[in-house]
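Residue numbers (our numbering), protein chains in the order written: chain R, 67 to 377; chain W, 33 to 172.
Incorrect hints may appear among the rest.
Chain W side only, calculated, beta carbon under 10 angstroms to chain R, not exhaustive [what the hints assert, rightly or not]:
1. 145
2. 147
3. 168
4. 171
I should point out that these hints are in silico values taken from the structure, not numbers from a laboratory. Fair warning: this is a prediction, and the values are worked out from it, not measured in the lab. In this text, a Cβ means the ideal position worked out from N, Cα and C, and glycines have one as well.
Here is how the chains run, residue by residue.
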Amino acid sequence: MRAEVALKGRSFINALDFSPQEYEALFALAEEVRARPRDFAESCVGKLLATLFFEPSTRTRLSFEAAMLRLGGKVLTVADPQTSSVAKGESLADTIRTVAAYADLIVIRHPKEGAAQLAAMYSEVPVINAGDGAREHPTQTLTDLYTIRTLKGRLSELNVAVCGDLRYGRTVHSLLRALTRYPGMRFFLISPQELRIPDPLRDELLAKGSVFEEMEQMEEALPYADVLYMTRVQKERFFNEEDYLRLRDFYILTTDRLKLLKEDAIIMHPLPRVTEIAYGVDADPRAVYFQQARFGMYVRMALILSVLGVV
Amino acid sequence: MLRVDPIQEGIVLDHIRAGMGLRIFQELGLGEKNLTVALLMNVPSTKLGRKDMIKITGVLDLDLTKLGLLDPGITVNYIAGGKVVRKVKPGLPERVIGLIRCRNPRCITATESYVTPEFILVSPETKEYACSFCGERVRV
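Excised from the complex, chain W in its bound form (with noise of 0.2 angstroms):
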């Protein structure tokens, strides 16, 4: 089995759903930064079945609203001294500022594209969010 050691200090992000490790590292531009990073696919996992796992050495500043958003059964672990020393479930993000835009053509924010799109959620069961100026719904 392959293994990868554990880490001193930094972040692994856990419980990512299978298939979105890739996304979610590229979302998070992990492969732009100077760190080092490992991207663990189709990990055996109990909750799961089946995980994706990322585990980042060093100080990063995470978009957490992002995360939640990807994936939200994501689990963040802080990790100082080789232990987990704070752990963060983002989950659904109340208001997502700027990360998705509206579809709908008779929206303002289509036409004054400096207007920074607001989403508020509306439903966690489905994952619905309405837009803050014209109320159109979108599933994340």
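With the rest of the complex left out, here is chain R (with noise of 0.2 angstroms):
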């Protein structure tokens, strides 16, 4: 089944709002947009994607943008709620209810957890949630798997090592829920004490029968991981500048470190990132962050496409 049959109207708003197999018909379809994209040029002619960030943010708005924009549809934008009548103390129900009279389509970011899902509540066009305060950013994880099933050839039997904050970082959550729902699939978590995943994720992923371990060394982890991912420590989530100053350059990738990790496997990061991967880094074969960026491009491209129901 084309992913456009079934997620044709339906708002994304957590990661798992979609089987494994909608995914796939996603990445399907991303496949196709990559392969061709001048076939794809005009499918969204005649429709209007409104990006509301009420959070900063300049890689996820630019790539729905991007992804808009290249599929012929146009784009409406608040990229600075400060100029917008929530300053005036709109409701974000009213703003929303407003918006979905105009376009066809609302991406939201939001700093209030749960934002996206008021959205969809009151929306009458489909919202796709770009991140909502630390709780989910589910086209990142629509990215991360995709590039992953692209660069490594499946989704199945992999050592998946992930580094940094584990705490508040919604990729990694997100991320860990999703890759829990293939076979074979071993994580190695590391971060410091104070970052580890929170107790309720945990009990999630022990209660799905997922393998993992818990590390504070990299190095532990990085002869056998075939995906390396990296995240940032994320000041906005701290409260104390001397914890957030402490954890930042905790766990940094460097040359020296490249040579412990598997000749084949692949380097992310959700981007953007600080000083956890040094330059040097950038020009080895095996870091694909930025490539991983321009797959969530085609990836949201055809998310566009399927909740559209274009094509």
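Two chains, two separate frames, one set of hints: put the complex together.
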């Protein structure tokens, strides 16, 4: 079944809203778009995407906007909430109902957890969550899985090492939940004590029979990893500057440490990076994070096509 | 021993955890309804040791979700013609709408006050619920 049949009119709020089969359909469509972009250059003519970003973002917003423009659609954007009616005290529900009257699809990023779900409740058009506080960022998960599937050739029987802020990093939580649905996955969860995965997530992974080890030293995992997923310690998630600075430089992937990594491993990062990957690593063929960003655009194109039910 | 006559038509809330009777009486607003109500506290019980009971004469539409949340062990006996015609054990509700507020300051329900909070039961053993907006867990 093509993705657009199953996903037409649906919102994408949590990474697990879509089944592995629906992910697969999106990946297949993303492959078509990547291989023959011209065939899709006019697929969304006459369609309007609204991007509402209540929290700073560059790459995610540009990725969605680039995706829509490459499909021939147009984009309305509120990049700075200080200039919008929200600054006058309008409720999110009213903002969404108004924007839904103008656009065919809404992409929202908001600092509050659950904001995208609330938006979907009040919207007459599909809503895509582009990040709601520390909770979810499902299109990053879509990007990550598409990258792994494309570059490793499969989404099964893989050792995935995830390194950095595993406590507040929403991309990591969604990634682990989504990968747990595939067979033979083994996780190495590398973080300082303070930034280990939250207890409810650990319980959830255990309940689903997930195989994982938690560790502090990245050297323990590097020789076994097929995928090394680095994350940034996010300053905006900390109340205390001192804690942030202490933990920020806990893990830095250097060219020296790369020697421990398998020849055919891939190094991923949701970007932006701060200090966690040395610039010298960028030239290594295993570093795929900029390719990952490009894949993110293709998979968002597939998502837009599917929820709009065009093609 | 104190005796309260059996009722002919109404509801008996049985197996209330000792000490919870007054809270349930208040939460159900039984003091404001024009019904004959008996609240029995610390009644000897073979099952619980001590229990509270509430006997209500007359017709009343009970909020079983709220009752289950307040005391999942409770038994609701519906009485007609002096006999128990229906017995319900509400237990912990799977979904609670509007009765619990989310304490997470980062939750959207903290700022958008028109939103009705909704919680989903995630662990009956620990009586834990998760906010369906932000995932924050609370124990009831």
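Going down the list of hints, with the structure as the test:
| no. | hint | verdict |
| --- | --- | --- |
| 1 | 145 | holds, 9 angstroms |
| 2 | 147 | holds, 6 angstroms |
| 3 | 168 | holds, 8 angstroms |
| 4 | 171 | violated, 13 angstroms |
The structure fails to meet hint 4 from the earlier list, while all remaining hints are met.
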